[in-house]
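Chemist: Residues per chain are reported as follows:
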Amino acid sequence: MIEAPDAALLRDPLHQVSPRAVTYWRVSALIGAVVEWAITIAVYAFALPAIFDGERPRWALPVLVFLLVAPLAHVLFMPQLRFRIHRWEVTPTAIHTRAGWLNINSRVAPLSRVQTVDSTQGALMRLFRLSSLTVTTASAAGPLTIDCLDRDDARQLVAELTEITSASEGDAT
Amino acid sequence: MSAAETPWLRLSPRNLLIDPVKVLGQFAFPAVVTLVGISQGDGGMPWWALPFVVAGAVVVGVLPWLTTFYRTTDTQFQIRTGLLNKKMKTAPLDRVRSVDLEASLLQRLVGLSKVQIGTGVDDDRITLNSVSRADADSLRAFLLARRAAAVAASATPATSGMEMRPPPVGEPAVGQAADRTVEAPRVLAQIDWSWLRFAPFSLARLVVLAAAVGALSQFGDELPVADVAESAWSWVRQFALAVVIAGLIIGGLTSWVMIAVSGYVVQWWDMRLTREAGSLHLTAGLFTTRSISVEEQRVRGVEMKEPVLLRLVGGAELSTLATGVGSGGVTAVLPPCPQAVARSVGADVLGSSTAMSLQLTRHGPAARRRSWTKNLLSTGIVLAGTLLLMIWVDLPWWMPALVAVLGFCLSAVVAEVSYRHLGHGTTDEHLVMGSGEVARVRTVLEHDGIIGWVLHQSWFQRRLQLATLVATTAAGAERVVARDIPLSAAIRLADRCTPGVLSHWLA
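Residue numbers (our numbering), protein chains in the order written: chain D, 802 to 974; chain Z, 547 to 1053.
Hint data in this document are derived by calculation from the structure and do not stem from the laboratory. Virtual Cβ for every residue (Gly too), placed ideally from N, Cα, C. You may find that some hints are simply not true.
What the hints assert, rightly or not - Each pair of labels, with its calculated beta carbon distance range:
1. Z:Glu962 with D:Phe878: 32 to 40 Å
2. Z:Thr919 with D:Phe878: 55 to 63 Å
3. D:Glu837 with Z:Gln1011: 29 to 37 Å
To be verified - Residues from chain Z that face chain D, not an exhaustive set, calculated with beta carbons under 8 Å:
4. Ile791
5. Gly793
6. Ile795
7. Thr829
8. Phe833
9. His993
10. Trp1005
11. Val1016
12. Val1047
13. Ala1053
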């Protein structure tokens, strides 16, 4: 830290989330994309001619192409990027999570300040045997979430965290 | 003294004087309307109904006094309310974090005061409507002293025995706690009427003026003088437009100064900020007096804000950031006052002067570049839109040009100023962050009040090796933000503020 003032960097947290998360993210992105495609095509095919008296303005086609391609790029590239970024690690004293894909969000909290440990599972997540874990502190600005852990890992981690946090005293504010 | 033996206390009987009046006040308007209705036509309420209205108001007004009881036991403060649906609220004495007194004009006339007890559960405070002034003061002193004693007792279990139970009333409290309770209140700040000069430069009350103007303009349309005004207007336009405009400006400024000054006087009359028994007390108010007490342990930091107008005349505002006091946890403890006063009172509250005067480290050229790009780009987009509109409505060419030049000059100033407001630093006990676009804000937070870190990097920030560092906390707005701080500076700052938390991941 002292040797070179600009060298301070955070090491990556140790663990990645479950590899099945990639498929899960891809499927949920695809569902979103299909909905968006449907709306776009419907607007292009029916709404635009109705508004502009049977003709489509010149800018309509480029916009259509963009609105069709952008979700495709999201479906193709987002899951891998996200899998590379999402990481987590718990030490006996602190928890560190990293999330995001274009914007990156790193969060660190000492376990002595943790208030609740929750795990949630959406319907689609259940299909992939995944589970998300949220650790909250007394600050509304600071919940730490680990998305898409393997279900069994998540269960074990919850047990571990509750044990560590219940041992600490004070009201954690 | 067991809980069962402690007698229940009622609110002050003087309540009976004002509560019916208050209820009558709420009834008055509809009552008058119906009574007037009778005299004009035959519907509505007959005259003999008047005594019933008054009697009803009296009964409704008396109910709270009849049905509210409170008491303090060894360990709890309890309040019982309700006639049919009985409700009992309790607050453990060692959880009491703030005791606020407030007295409206009506209550002050008969010497009553409202007591609000905060227990750290946000927004859920126990309210005792109107007990006598003396009772309120002694209740507050008792609750806060009790709290201090409980804290001292749990901090030094060897001297106070096995339990964390606070010592009962009457008996001398143990060592440190006793010292603290008898310690004389120390005045940290008191209103100085020369500060009144800052009142017109604080825009908080501008809303009031705007509302008044809005209300007046609504009437304006319906006034019969409109036609007269119109012919007068054409006369005025011929002769004295400049005079009228000058008159309007002077009139507006005068009324603004009057509103600002009177608002300042009403809100901050007899302001005193004192430290007593481990708590900060703030009392102020001309008509409604407020008295706010926050346990000092709960005060995690302060925020000094210099809005742009106030800063031009060297003024500042000071707030404390506290946990468990409800309403956002940010309490203004000083009126707009000289910056030096805000600084020294802030240092007094924090118990260290370095944090308030610390020279902050700037965020560097990349942050400056980002501030400029962001401001110029957003101004550019907005300007392009307005310019297109202006050209479309066929204005002379120099108008859009003038707007563009002014717009870019303004955004350049804002870009540079908002960069200069950015800064970070740390002392042995406090984290200090500078922020604000046009207002300069200095936020000071105890290291111990930091309960986590968020390091956010947008895609643009990543390319510039910048980050937004957020210290999360339970106090105040629950977050203290350093925007566009160089990544490695952010990590070193976080590591210095909370030693050990990040060390596992430091490369």
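Chemist: Confirm or reject each hint.
Modeler: How the hints compare with the structure:
1. Taking 32 to 40 Å as the suggested C-beta distance range, the pair glutamate 962 of chain Z and phenylalanine 878 of chain D conforms, at roughly 38 Å.
2. For threonine 919 of chain Z paired with phenylalanine 878 of chain D, a C-beta distance near 26 Å fails the hint of 55 to 63 Å.
3. Evaluation of the 29 to 37 Å hint for glutamate 837 of chain D and glutamine 1011 of chain Z yields a pass: the beta carbon distance comes to about 34 Å.
4. The beta carbon of isoleucine 791 of chain Z is not positioned within 8 Å of any beta carbon in chain D (closest approach about 46 Å), and the interface hint is therefore violated.
5. Given hint, glycine 793 of chain Z at the interface with chain D, is violated; its Cβ is 50 Å from that chain's nearest Cβ, farther than 8 Å.
6. Because the closest C-beta pair between isoleucine 795 of chain Z and chain D is about 44 Å apart, greater than 8 Å, the hint is violated.
7. For threonine 829 of chain Z, the interface hint is violated, the least distance from its beta-carbon to any beta-carbon of chain D being 26 Å, above 8 Å.
8. For phenylalanine 833 of chain Z, the interface hint is violated, since its Cβ never comes within 8 Å of a Cβ in chain D; the closest pair sits about 35 Å apart.
9. For the restraint placing histidine 993 of chain Z at the interface with chain D, the shortest Cβ-Cβ distance is roughly 12 Å, beyond the 8 Å limit, so the hint is violated.
10. For tryptophan 1005 of chain Z, the interface hint holds, since its Cβ comes within 8 Å of a Cβ in chain D; the closest pair sits about 5 Å apart.
11. Satisfaction of the interface hint for valine 1016 of chain Z is found here, the shortest Cβ-Cβ separation to chain D being roughly 6 Å, below the 8 Å cut-off.
12. Satisfaction of the interface hint for valine 1047 of chain Z is found here, the shortest Cβ-Cβ separation to chain D being roughly 5 Å, below the 8 Å cut-off.
13. At its closest, the beta carbon of alanine 1053 of chain Z sits 5 Å from a beta carbon of chain D; the interface hint therefore holds under the 8 Å criterion.
The structure fails hints 2, 4, 5, 6, 7, 8, 9 (numbered hints given earlier, in ascending order).
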